[in-house]
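J.: Going line by line, the protein sequences match chains C and H. Mapping of the first sequence onto this note's numbering: position 57 corresponds to residue 57, and the numbering continues sequentially without gaps. Mapping of the second sequence onto this note's numbering: position 4 corresponds to residue 4, and the numbering continues sequentially without gaps.
Treat the hints as calculated values from the structure; they're not laboratory data. Certain hints may be false.
Non-contacting residues of chain C with respect to chain H, defined by C-beta distances greater than 10 Å in every case (computed) [unchecked claim]:
no., residue
1, W9
2, L22
3, L23
4, A24
5, G27
6, L29
7, K37
8, A71
9, L86
10, A92
11, A94
12, A145
13, N163
14, H173
Here chain C is said to cover these stretches of chain H; the calculated rule only asks that three of the stretch's residues, wherever they fall, bring their Cβ under 8 Å from a Cβ of chain C [claimed, not checked]:
no., segment
15, 17–23
16, 27–39
17, 52–66
18, 85–98
A short, non-exhaustive set of chain H residues, derived as facing chain C with CB atoms under 7 Å [unchecked claim]:
no., residue
19, P11
20, N13
21, T103
22, F104
23, P105
Backbone N, C-alpha and C define an ideal beta-carbon position, used for all residues, glycine too.
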Amino acid sequence: MAITARGLWTLLHGTGFGALFLLACSGALVELGRGGKGDSRFLRHYLGAMALLAWAAVLSGAYLIYPWYRAVPPAGAALAGFPQRLLQSNPATAGWHAYGMEWKEHVAWFAPIAVTMAWSVVAAYGGALARLKTLRRAVLGFVAAAMVAAALAGFFGAMLNKNAPVMGGPTLHLAEGR
Amino acid sequence: MDESPSIAASPRNGAGAAALLAAGWAAAALAVLAILADRIPTLGRWMTFYRPTGPLSGVTTSAIVLWLAAWMLLHRRWRRRDVALGRIVLFAFALLVVGLLLTFPPLADVF
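All chains, full assembly: derive it from the sequences and hints.
T.: As structure tokens, this is what we get:
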């Protein structure tokens with residue numbers, strides 16, 4: 001049982017940061033939807049952790065995994081290690097890049113921006129947010145939009161990696177087969 | 001209560017409105033920058049802040065700078081005021097929807 005270093009980073013980016021962020025979204029929506037009656041300090045820390053996860057997801061995606069994804073193969077090289085070119089080489093998979101990656105690489109950034117905003121509002125207003133219904137509902141709406149953005153990015157990330165996995169780098173052996 | 005006493009005593013909505021509007025603006029700005037960097041090769045080259053990532057590095061970094069600048073400016077103007085929150089929320093969501101739609105490739109390709 002082994003995994004390449006690039007595969008491990010991709011796993012951390014998607015299943016670690018991204019999936020954890022998505023799981024956390026429902027909790028934030030419930031807490032904001034309760035009318036700000038809960039513990040505002042808890043919500044502030046919760047949204048802060050979500051913002052860190054979202055930033056970790058987009059930064060690791062853009063600066064670690066995306067360069068491996070879009071790398072240009074040397075002439076005559078096998079396309080297996082060059083996911084973007086592998087997808088584009090087949091009409092049946094080219095759309096995953098043209099629609100999936102092209103949307104994902106931009107829309108994903110809405111999540112950390114929206115959740116950082118939500119964290120800042122909860123940090124600034126605390127329990128007083130319960131009295132500002134319009135503001136609280138607007139923050140809830142932005143967190144919902146962050147969830148949609150992250151879900152789109154996660155879905156396309158999973159499908160892209162299924163059709164053309166980001167692989168390569170040193171191989172880490174996790175266990176020997178029987 | 002862990003918020004500042006002034007906010008707890010009289011919650012002004014200005015600071016929150018500034019944060020919301022700036023976030024909506026960031027979404028729209030990111031989408032417009034992405035389209036421009038794709039359509040204008042010279043801009044695409046300028047937006048390549050980090051070569052392995054390509055223009056995406058400059059598009060997202062510039063959008064973040066525009067977001068934080070707008071947030072800072074709006075916060076300075078509105079933090080001690082009550083503003084027309086309903087209209088600002090509508091405008092912020094309109095900007096967010098514009099951003100979502102313009103990042104969708106078939107719509108972005110229209111321009």
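J.: Hint by hint, say whether it matches the structure.
T.: So, going through the hints one by one against the coordinates:
| no. | hint | verdict |
| --- | --- | --- |
| 1 | W9 | holds, 14 Å |
| 2 | L22 | holds, 17 Å |
| 3 | L23 | holds, 22 Å |
| 4 | A24 | holds, 18 Å |
| 5 | G27 | holds, 20 Å |
| 6 | L29 | holds, 16 Å |
| 7 | K37 | holds, 14 Å |
| 8 | A71 | violated, 8 Å |
| 9 | L86 | holds, 18 Å |
| 10 | A92 | holds, 18 Å |
| 11 | A94 | holds, 12 Å |
| 12 | A145 | violated, 6 Å |
| 13 | N163 | holds, 17 Å |
| 14 | H173 | holds, 28 Å |
| 15 | 17–23 | holds (count 5) |
| 16 | 27–39 | holds (count 4) |
| 17 | 52–66 | holds (count 9) |
| 18 | 85–98 | holds (count 6) |
| 19 | P11 | holds, 4 Å |
| 20 | N13 | holds, 6 Å |
| 21 | T103 | holds, 4 Å |
| 22 | F104 | holds, 6 Å |
| 23 | P105 | holds, 4 Å |
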